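Novice: Going down the list, the protein sequences come from chains A and B.
Just so we're aligned, residue 1 is where the first sequence starts under our numbering, counting upward by one.
Just so we're aligned, residue 1 is where the second sequence starts under our numbering, counting upward by one.
It should be emphasised that the hints constitute simulated quantities derived from the structure, not laboratory data.
One thing to keep in mind: the hints can contain errors.
[Said to hold, decoys possible] In silico DSS-like pairs for lysine-lysine, Cα to Cα no more than 25 Å straight-line:
id, chain 1, residue 1, chain 2, residue 2
1, B, K326, B, K277
2, A, K229, A, K289
3, A, K156, B, K20
4, B, K277, A, K249
5, A, K249, B, K84
6, B, K84, B, K66
7, B, K54, B, K20
8, B, K20, B, K66
9, A, K156, B, K54
10, B, K54, B, K84
11, A, K45, A, K156
12, A, K156, A, K249
13, A, K229, A, K249
14, A, K229, B, K277
15, B, K66, B, K54
Small disclaimer: the values here were computed from a predicted structure and weren't measured.
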Amino acid sequence: MSLPAAPKKRRLPFGFLALGLGCLLAFALELSLGSVRIPLAEVVKALAGVDGADPCWEQIVRLFRLPRALTAILAGAALGVSGLEAQTFFRNPLADPFVLGISSGASLGVAVVMMAAGFLGATTLGALGIGGNLSVVAAAAVGATAVFSVVMLVAKRVRDNMTLLILGLLFGYAAGAVVGILTQFADKDQTRGFILWTFGSFGGVTWSQMPYLATACAAGLLCALALCKSLNAMLLGQDYARSMGMSVKRVRFGVVASSSLLAGTVTAYCGPIAFVGIAVPHLARLLFKTSDHRTLIPATALSGALVAMLADLVAQMPGLGVTLPLNAVTCLLGAPLVIALILKRQRMMETFAS
Amino acid sequence: MSQLTLRTEHLDIGHVRSRKERRVVRADINVSARPGEFVCLLGPNGAGKSTLIKTLAGALPPLSGKVFVNGVELGSIPPLELAKRLSVTLTSRVAPGAMTVYALAALGRFPHTNWIGRLGPEDHRIVQEALELAGAAELAARDVNELSDGERQKAMIARALAQAPDVMILDEPTSFLDMPRKVELTRLLLRLARDTNKTVVCSTHDLDLALRAADTIWLLPAEGPLLTGAPETLAFDGSIGRAFNTPEVDFDQSCGEFQIHKSPRNGVRLMASGPAKFWAGRLLERAGLSVSESGPSLEVDDALRFWTLDARRGEGVEALHAALSKLRS
Chain A
1 MSLPAAPKKR RLPFGFLALG LGCLLAFALE LSLGSVRIPL AEVVKALAGV
51 DGADPCWEQI VRLFRLPRAL TAILAGAALG VSGLEAQTFF RNPLADPFVL
101 GISSGASLGV AVVMMAAGFL GATTLGALGI GGNLSVVAAA AVGATAVFSV
151 VMLVAKRVRD NMTLLILGLL FGYAAGAVVG ILTQFADKDQ TRGFILWTFG
201 SFGGVTWSQM PYLATACAAG LLCALALCKS LNAMLLGQDY ARSMGMSVKR
251 VRFGVVASSS LLAGTVTAYC GPIAFVGIAV PHLARLLFKT SDHRTLIPAT
301 ALSGALVAML ADLVAQMPGL GVTLPLNAVT CLLGAPLVIA LILKRQRMME
351 TFAS
Chain B
1 MSQLTLRTEH LDIGHVRSRK ERRVVRADIN VSARPGEFVC LLGPNGAGKS
51 TLIKTLAGAL PPLSGKVFVN GVELGSIPPL ELAKRLSVTL TSRVAPGAMT
101 VYALAALGRF PHTNWIGRLG PEDHRIVQEA LELAGAAELA ARDVNELSDG
151 ERQKAMIARA LAQAPDVMIL DEPTSFLDMP RKVELTRLLL RLARDTNKTV
201 VCSTHDLDLA LRAADTIWLL PAEGPLLTGA PETLAFDGSI GRAFNTPEVD
251 FDQSCGEFQI HKSPRNGVRL MASGPAKFWA GRLLERAGLS VSESGPSLEV
301 DDALRFWTLD ARRGEGVEAL HAALSKLRS
């Protein structure tokens, strides 16, 4: 008997190799470029703690650039995989990590804290210093968790994924409306502080916060990986998946929990970062031409990390001394890129299917 | 008595609307099927075919009564165990994205593989065998998106086979296919039941095909109990006719097909032979006339070209159709 015609594997090693190299390069650039340019050799010295390293550069690399780059990697991977889960589970190419209202919940939390801080006397976020940063993270986490809990409660009750999707959207609108009302009554500084938060940034995570971010991201990614077989079955739709013995309820719980954990954590620490979650899974599908989640989950994580680091590099406008809002960069650079890819290949709907 | 793979006992099917309200679609269904048996479920639209298929497949809980798969009650079988005994192929078209037919069929191994879905040599062997049985072996490397509807349906059947079930349930598998593909698929299902000794239950609208291929027909009329029997039995005792007849259409027992009602008033004496007779009859039917012993006479040559209607001569089918339409008014 002839050997089974196993699916093509040619693309895999090359694709992963290219993505890995790209990530390494972007990581090196992240450490080297910024408001001041630090040569790579000096970066290595600073990291290794060799004698003779410039103490100032050592500070910059160790205290600012390294956590920033790590945050970009974690956030990019987390948002990408979270979006992939949502797109597959809801069988909707437009789904993203925030489709269940997570970012709206986080925004609401942050808006409430900032406005409250205004009433308590502290005028701006800056005046709150480190404590302010922490309280923003806490507020975003509480907001995201609140929405997440409501969504999970609803997810346990509804049978239909589409209902869940629509409810998530409506939660988002409701939270957005409350934020709107709050900003109406806030003063200029408070509003500005809030708007700055919505720009998104990978720079706000300190070393003391890093373990929490890393743990949550690792847990969410592992959970997604554990779901890969079920996500593959979901490609045929919920009815087929159920007929093959998959527990739709359990998988729904797993998908909502892990994608919300990933998206909620990243939003809490970095603000609502748009685009990565929706576009990176499509990029990974186009690159690897597969729907198999055993390939797509690592591919999306790597692509997400790469895209996040590149966006962060551009946002810092090396050499110009100004920074751009991260969200603006992800969208402005990312949208044309993905549009070009899609128009060139005409294959997005094919690789995703509708 | 051989072991029954699928059996129902006083099964009531329908939907639970709310805690108090339940809509019973059909009550007291008692059917059974043997290994290697090809069963076609027939019935007019809205009779509850889909509801019965879903209930048998375990996707819809029975309102009361029981379904047994291999002698074990359906509700007591864990989903993964059930999936090893019973596979389902649905009407809806799947759109799984970039995926080869081989990978699609391999998804059928879901209940048999480990947490990450790794396929061992045995799994690969079963998938390959399933593709060959379904006539999809040469499609293995093709992308699912590039398939025609007929090829896609074969791939889905390969997936169902890869599940290695004892019972295969299919909900209207032929509905998107053209006529030759319908015949091909129905023959395929019959062959699968014979060669693999699986029970194949398939709901369909293609009455003619079902009557030719099925071992057993489950007939679900719009009203009255579900009837089971060999196709010939149900056709001969008039059950099929009663289930499907409308004021416009009759089931003709003599040829096993549906005929548009004949109205004796517009009869035409048809003189022709061979295929020309058959197609001239079709033409009469379309013009609202019928073949009878009296009325105006129509003579057609064997090439269906020259014709004589009463005293009028003419050439061509279009002209004949026009003349016949005039005759009717």
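Novice: B/K20 and B/K66 were given as a pair; does the straight-line alpha-carbon distance stay at or below 25 Å?
Specialist: holds (21 Å)
Novice: Are A/K156 and B/K20 close enough, with their CA atoms no more than 25 Å apart?
Specialist: holds (21 Å)
Novice: Given the hinted pair B/K84 and B/K66, is their Cα-Cα distance within 25 Å?
Specialist: holds (20 Å)
Novice: A/K229 and A/K249: Cα distance at most 25 Å?
Specialist: holds (15 Å)
Novice: Straight-line Cα separation of A/K249 and B/K84 no greater than 25 Å?
Specialist: holds (20 Å)
Novice: Under the criterion that the straight-line Cα-Cα distance not exceed 25 Å, is the pair B/K277, A/K249 satisfied?
Specialist: violated (61 Å)
Novice: Would the hint linking B/K66 and B/K54 be met if the CA-CA limit is 25 Å?
Specialist: Given pair B/K66, B/K54 holds - Cα atoms ~14 Å apart, limit 25 Å.
Novice: Between A/K229 and A/K289, is the straight-line Cα distance small enough, at 25 Å or below?
Specialist: Holds, at roughly 18 Å.
Novice: Run the distance test for A/K229 versus B/K277: straight-line Cα separation, threshold 25 Å.
Specialist: Judged against 25 Å, a Cα distance of about 60 Å means the pair is violated.
Novice: Given the hint that B/K54 pairs with B/K84, does the C-alpha gap stay at or below 25 Å?
Specialist: holds (17 Å)
Novice: Decide if the proposed pair is consistent with the structure: B/K326 and B/K277, CA atoms, cutoff 25 Å inclusive.
Specialist: holds (21 Å)
Novice: Do the alpha carbons of A/K45 and A/K156 lie within 25 Å of each other, as the hint requires?
Specialist: It is violated: about 53 Å lies between the C-alpha atoms, which goes past 25 Å.
Going through the hint list in order, the structure does not satisfy hints 4, 11 and 14.
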